[in-house]
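Please model the complete structure; the sequences and the hints are all you need to start from.
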Amino acid sequence: MSKANAPSAASGASMRWRRQIPAAIALAPAAVIVIVIYIGAMLWTVRLSFSSSKMLPVFDFVGWQQYERLFNTERFVLSTWNIAVFGVLFIVACLIIGFLLAVFIDQNVRFEDAFRTIFLYPYAMSFIVTGLAWQWFLHPELGLQKAVRDWGFTNFTFDWIVQPNLVMYTLVIAAVWQASGLVMAILLAGLRGIDSELWKATRIDAIPTWRVYVSIILPMLRPMLVTASVLLAVGVAKLYDLVVAMTKGGPGLASEVPAKFIMDNFFERSNVGLGSAAATVLLVTVVALLSPWIYAEHLRPKGARK
Amino acid sequence: MRASSQLLGLAFAALLSGAAIAAEPMKAEVIHWWTSGGEAAAVKVFADAYNNAGGQWIDSAIAGGGGEAARTAGINRIVGGNPPTMMQFNTGKQLDELVNNDYLANLDAAAAAGKWDSLFPKAIVNASQRGGHYYALPVNIHGANWLFYNTKVLADAGVAEPKTWSDVLASGPKLKAKGVIPFAHGGQSWQDHLLFDAVLAGEGGSDLYLQVYGKDAQAAIASPKFKHVAEVFKQLRDLMDPGMPGRNWNDATALVITGKAGFQVMGDWAKGEFLAAGQTPGKEYGCAIVGADGGYVMGGDVFVFPKVKDAGGQAAQAKLESLMLDPAVQIAFNTKKGSIPARTDLDVSSMDQCARKGAAAVKDPAKQLPAASYLISNDENGALNDVITQFLNTPSESVDDFVARFAAAVEASG
Chain S
297 MSKANAPSAA SGASMRWRRQ IPAAIALAPA AVIVIVIYIG AMLWTVRLSF SSSKMLPVFD
357 FVGWQQYERL FNTERFVLST WNIAVFGVLF IVACLIIGFL LAVFIDQNVR FEDAFRTIFL
417 YPYAMSFIVT GLAWQWFLHP ELGLQKAVRD WGFTNFTFDW IVQPNLVMYT LVIAAVWQAS
477 GLVMAILLAG LRGIDSELWK ATRIDAIPTW RVYVSIILPM LRPMLVTASV LLAVGVAKLY
537 DLVVAMTKGG PGLASEVPAK FIMDNFFERS NVGLGSAAAT VLLVTVVALL SPWIYAEHLR
597 PKGARK
Chain G
114 MRASSQLLGL AFAALLSGAA IAAEPMKAEV IHWWTSGGEA AAVKVFADAY NNAGGQWIDS
174 AIAGGGGEAA RTAGINRIVG GNPPTMMQFN TGKQLDELVN NDYLANLDAA AAAGKWDSLF
234 PKAIVNASQR GGHYYALPVN IHGANWLFYN TKVLADAGVA EPKTWSDVLA SGPKLKAKGV
294 IPFAHGGQSW QDHLLFDAVL AGEGGSDLYL QVYGKDAQAA IASPKFKHVA EVFKQLRDLM
354 DPGMPGRNWN DATALVITGK AGFQVMGDWA KGEFLAAGQT PGKEYGCAIV GADGGYVMGG
414 DVFVFPKVKD AGGQAAQAKL ESLMLDPAVQ IAFNTKKGSI PARTDLDVSS MDQCARKGAA
474 AVKDPAKQLP AASYLISNDE NGALNDVITQ FLNTPSESVD DFVARFAAAV EASG
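Residue numbers (my numbering), protein chains in the order written: chain S, 297 to 602; chain G, 114 to 527.
Worth flagging that the hints you see were computed from the coordinates, not collected in a lab. Keep in mind that a hint or two might mislead.
Claimed, not checked - Short, incomplete list of chain S residues facing chain G, as computed with Cβ under 10 Å:
no., residue
1, 371
2, 438
3, 542
4, 546
5, 550
6, 561
7, 564
What the hints assert, rightly or not - Per the computed footprint, the stretches of chain S lying under chain G, defined by three or more beta-carbons under 8 Å from a beta-carbon of chain G, are:
no., segment
8, 340-352
9, 426-436
10, 447-458
Stated by the list, open to error - So these bits of chain G aren't anywhere near chain S, every CB distance computed over 12 Å:
no., residue
11, 161
12, 176
13, 243
14, 245
15, 265
16, 274
17, 286
18, 330
19, 351
20, 388
21, 396
22, 406
23, 462
24, 463
In this text, a Cβ means the ideal position worked out from N, Cα and C, and glycines have one as well.
What follows is the structure, encoded as structure tokens:
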């Protein structure tokens with residue numbers, strides 16, 4: 297048995313290897329791009345964050361000086377706080393609204409295609425367009441507030457966008473408006489994949505519908521929820537264009553975010569060293585937040601689960 | 114083979130030197146960010162003059178108001194070894210590092226031939242030189258502390274042209290009573306800084322202004338006079354409308370043009386907006402420099418000439434260096450641009466009222482104030498933008514807090 301098996305196993309292995317050659321060739325350019333450009337640029341940025349670079353990169357070494365200045369810069373500290381508030385509210389709101397929309401459409405409503413298109417439509421727009429449209433809509437002298445006042449409700453006030461302590465919530469509103477359609481699409485795909493037998497079974501057991509959704513459907517949608525959360529989290533980390541289009545970081549510094557701090561320092565303020573330090577801090581934060589999840593999902597030995 | 118063809122070429126060139134230039138024009142690739150209507154018309158004055166002189170102007174306009182995109186593209190090309198023939202910069206510190214790294218051509222020969230030392234205001238000469246050598250060619254001066262006002266709105270409210278910032282503050286209630294916004298402002302950090310500098314120059318005076326952006330900044334910032342400037346600046350907030358945050362400067366200008374607001378502080382490029390609305394200075398709108406010293410905060414544009422190796426490029430650069438300061442070209446360019454000529458020896462009687470006021474101020478050395486960007490780095494300028502915009506937009510921030518933050522920002526980035 298073993299004698300007969302050995303050559304076939306060997307040829308199987310070489311066969312498998314041969315079959316992998318085209319795949320390896322096809323993947324090589326992508327691998328080179330990832331290693332040289334992404335990881336290379338990342339290391340380059342980390343290196344620059346320890347230099348005194350101003351407009352042009354220089355390769356001296358100034359220790360933690362840029363980081364010291366960074367954490368003493370009020371705008372950066374404020375930006376980090378802002379992005380944390382934005383991130384939590386944005387992800388939670390998108391998941392809840394996206395899930396409710398998906399459930400709504402899954403009720404076999406009439407004109408389902410039309411609703412689906414309407415809900416997903418904002419996602420087809422760039423953040424710049426979203427930002428401009430919401431800026432006009434929320435502007436106290438152009439948009440909603442003015443319209444309602446012109447109808448006769450002269451006391452109506454909705455000027456969050458010019459209130460330093462409320463402006464971040466307007467960004468959340470605009471971003472949720474744009475992205476919850478995407479969550480809906482992902483979760484709807486998940487809902488459609490659920491066997492109709494399961495619904496029949498719960499009906500026989502007379503379980504209330506909301507209870508089925510919360511206790512049975514939601515756990516089954518876990519992979520979709522994870523996918524949606526990761527996509528949304530990426531959107532949080534790179535939040536930049538929406539802020540530029542909608543508030544330009546204002547009023548004052550009230551809606552500044554880290555990505556804008558980095559861009560401004562790199563390109564407007566000729567301050568590559570400080571910008572690199574901020575980029576490195578952002579990178580470290582993202583890695584720190586993601587690594588427990590990556591470990592749990594991919595690296596932990598399968599047997600150890602549960 | 115190669116040598117003989119080169120010889121042939123030389124002989125040809127010698128025989129037909131005039132015709133050769135016409136047949137093969139000197140190409141000049143120019144990077145700039147003048148893309149709006151009036152600006153594009155202005156840069157065309159340079160292009161036409163160069164083309165008429167036998168050159169070939171290749172226009173590389175890169176849009177983006179403040180010019181960051183154009184500067185980034187140009188710097189990348191210079192550092193990458195493929196420089197344009199000529200490139201725009203704002204007058205000031207932006208080009209320090211390019212000079213230090215030996216990327217820019219020395220313009221001393223052209224400066225000596227054109228007597229630049231006596232041609233430009235001292236501050237412009239200083240800003241164009243590094244270590245006593247010229248590296249930048251100034252083409253215009255923008256006044257950055259103009260107070261524009263709607264003459265009809267002011268007349269209706271019984272307000273005269275303000276002479277001081279106290280006058281501006283005092284006019285607030287009168288204008289409010291007429292139902293207009295007293296002070297139109299665009300709440301973006303660079304505009305907040307521009308307004309602060311106008312108050313600093315007008316209310317604090319030229320000496321304080323130069324000290325705050327000069328060597329002995331900390332002492333000046335700690336002075337009672339600086340605190341007073343901060344108080345006046347904060348009081349201006351009460352004259353602004355709730356829609357101010359994030360507004361573009363031209364939208365604020367539109368409020369003055371349409372009579373919805375009384376005043377705006379902006380650079381003289383705002384004249385283009387009034388012009389487009391069919392208004393003329395002295396009639397529908399007025400312009401004033403506020404403050405006893407009458408200090409004129411001068412910004413402006415320069416062109417730099419990256420080092421190029423080929424003879425054709427060097428010839429094109431030499432031609433441009435003399436042509437851009439030609440009196441007729443300067444007047445035509447600056448009339449369209451809304452600025453005033455960089456050289457002070459020209460007859461500006463053909464220009465508008467504001468330009469004539471500005472040109473008169475620039476002739477007086479006591480009134481020449483360099484813009485902050487001449488004196489401080491981009492880094493410091495940006496850090497101060499943050500401090501100033503936060504102060505203007507945070508009602509609870511006290512003047513003392515602001516002064517402390519201002520001092521700290523200068524310390525960290527200076």
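Taking the hints in turn, this is what the structure says about them:
Annotation: interface hint on residue 371 of chain S holds; nearest CB of chain G at approximately 5 Å, less than 10 Å. For residue 438 of chain S, the interface hint holds, the least distance from its beta-carbon to any beta-carbon of chain G being 7 Å, beneath 10 Å. Using the Cβ-Cβ criterion of 10 Å, the hint placing residue 542 of chain S at the interface with chain G is satisfied: the shortest such distance is roughly 8 Å. Against a cut-off of 10 Å between C-beta atoms, the interface hint on residue 546 of chain S holds, since the closest Cβ of chain G lies about 5 Å away.
The closest approach between the C-beta of residue 550 of chain S and any C-beta of chain G is roughly 7 Å, which is under the 10 Å cut-off, so the hint is satisfied. Of the supplied interface hints, the one on residue 561 of chain S holds, with its beta-carbon coming within about 7 Å of a beta-carbon of chain G, less than 10 Å. The interface hint given for residue 564 of chain S holds, since its Cβ lies 5 Å from the closest Cβ of chain G, which is under the 10 Å cut-off. For a cut-off of 8 Å, the count of residues in the segment 340-352 of chain S with a CB near a CB of chain G stands at 3, and the three-residue condition holds.
With 3 residues carrying a beta carbon less than 8 Å from a beta carbon of chain G, the segment 426-436 of chain S meets the three-residue requirement, and the given coverage holds. Here the segment 447-458 of chain S counts 3 residues with a CB under 8 Å from a CB of chain G, which clears the bar of 3, and the coverage holds. For residue 161 of chain G, the condition that its CB be more than 12 Å from all CB atoms of chain S holds, with the nearest at approximately 32 Å. No beta-carbon of chain S comes within 12 Å of the beta-carbon of residue 176 of chain G; the shortest separation is about 15 Å.
No Cβ of chain S approaches the Cβ of residue 243 of chain G within 12 Å, the least distance being about 14 Å, so the stated non-interface status holds. Every C-beta of chain S lies more than 12 Å from that of residue 245 of chain G, the closest at about 22 Å, which supports listing it as non-interface. With a closest Cβ-Cβ approach of about 21 Å to chain S, residue 265 of chain G is found to remain outside the 12 Å limit, as its non-interface label requires. Every CB of chain S lies more than 12 Å from the CB of residue 274 of chain G, the least distance being 27 Å, so the non-interface label holds.
No beta-carbon of chain S comes within 12 Å of the beta-carbon of residue 286 of chain G; the shortest separation is about 21 Å. With a least CB separation of 18 Å from chain S, residue 330 of chain G remains clear of the 12 Å interface cut-off, as annotated. Taking the minimum C-beta to C-beta distance to chain S, about 15 Å, the non-interface status of residue 351 of chain G holds against the 12 Å cut. Its beta-carbon lying about 25 Å from the closest one in chain S, residue 388 of chain G satisfies the requirement of being farther than 12 Å from that chain.
No Cβ of chain S approaches the Cβ of residue 396 of chain G within 12 Å, the least distance being about 28 Å, so the stated non-interface status holds. Chain S leaves residue 406 of chain G outside its interface by the beta-carbon criterion, the shortest separation being 30 Å against a cut-off of 12 Å. The non-interface label for residue 462 of chain G is consistent with chain S: the shortest C-beta to C-beta separation is roughly 39 Å, beyond 12 Å. Its beta-carbon lying about 37 Å from the closest one in chain S, residue 463 of chain G satisfies the requirement of being farther than 12 Å from that chain.
Consistency with the previously given hints is maintained throughout, with no hint failing.
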